[in-house]
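Undergrad: Please model the entire structure based on the sequences and the hints provided.
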Amino acid sequence: MEWQAEGTVLTRRPHGENAVIIDVLTAEHGRHAGLVPGGASQKRAAMLQPGARLALRWRARRDDQLGTMTAEPLRLRAGLMADPLALAGLNAVCALLVFALPERDPHPRLALATERLLDLMDRAADWPADYLQWEMLLLDELGLGLDLTACAVTGAREGLAYVSPRSGRAVSRAGAGEWADRLLPLPAIMGGAGDNRGRGLAEGLAITGHFLRVRLAEQMVGRPLPEARARLLRRMAR
Amino acid sequence: MRHPQAEGSDDIQALIALMARLPGLGPRSARRIVLHLIRRRGDQMAQIAALMEKVAQNSRECLCCGNITDRDLCAICTDPNRATGEICVVEDVADLWALERGGAFRGRYHVLGGTLSALDEIGPEDLGIPRLLDRIAGEAVSEVILALNATVDGQTTAHYIADALEGQSVTVTGLAQGVPIGGELDYLDDGTISAALRARRRL
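For the protein sequence lines, the chains are A and C, in the order given. Under this note's numbering, read the first sequence as residues 186 to 423, first letter to last. Under this note's numbering, read the second sequence as residues 1113 to 1315, first letter to last.
Careful: at least some of the hints might be erroneous.
To be verified - Reference listing, derived: stretches of chain A covered by chain C, where coverage requires no fewer than 3 residues with Cβ under 8 Å from a Cβ of chain C:
1. 230-237
2. 261-270
3. 406-417
In short, the hints are calculated from the structure, not lab data. Even for Gly, the Cβ is constructed at its ideal location relative to N, Cα and C.
TA: Encoded structure:
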């Protein structure tokens, strides 16, 4: 078995003295692990850090084996390490992907969005709103997507103000009625508009965080969400 | 294929098997070492065995910095000439020893014993970071040097400690990153070159 693809390193674990096992995200093969012989060497350590974009070749005798990987660097994204917020973002992205995605299950849209987000972080661009969109896409790819197109009660497409914490569907102000205090406020930023920072972003991340915690962590995985996400939110709030 | 009879007694085979599990050794090199020691069993092997037993009984972590020592406090922590008000935070004892070999730092150390890792669920409490913060608050520390690895986990830990020390009257610094001594630009990765450019200095 053999494939070649571009991928981004999510995790790196030592294996013996000279080798490492890396977990990479590729568009074609999803989250995929492989052994990199000699990956612990000083020369290769830099390119096998989380966030690095690599040209990969995976080989194994059988498809269900771990297999070995050879890698050539494409973009190391060294800028991520210099910026505390970007580093916190990288940690959250990698930790959530490893936490949420089953191995070898391709999610090309998510892989593409992850690449774009990491590039924004590396360039020190204003990326927190893109991170929120990325979490929404992650939920969508896991089959837990939010439906923010119309009110779940009235069917109206205007005046959407809340999200139901149970169904993940939008609710209009008129439809919410006396239940409003039990619903999550829907910020304009979740529709791709509004303030990129501040309250709208925090409300958006509270919504995605609710569904990541309840539907993914509690109902699907059975473990708490990675602490890296909470660290990112604390860093964003500074 | 194993040849037990050709490799001596069960004890010798057990010793070879134990040696083969040490860092840098495999079965072949373990056999060579054991054979060498047996040939020198009168002097070298007995000395090594006695010292290993002594070290196993006496070695412990320094109560202050986490260095390996045979007393409650290590020689660095008890040296009055090193009370410079500078604490160098390192990930591992091996890093402390590496810095000591360089001989450029004359302050004291703090060994974390690892780095924060979201994936391995290693948090600040697991690394004794609260103990470091207590130490900084209790001693007359003017500078904390975060000598952590230039890896994602190392730098995440460095930023976490820097955040925790924000607002305290202590200077927090990190090691420079750039071109190593004897390094040629053509052979450096682009991350190192970028870091070196960002940290350029006037000549």
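Undergrad: A separate judgement is required for each hint: does it hold in the structure or not?
TA: Against the structure, the hints:
no.	hint	verdict
1	230-237	holds (count 6)
2	261-270	holds (count 8)
3	406-417	holds (count 4)
Hint violations for this structure: none, all hints satisfied.
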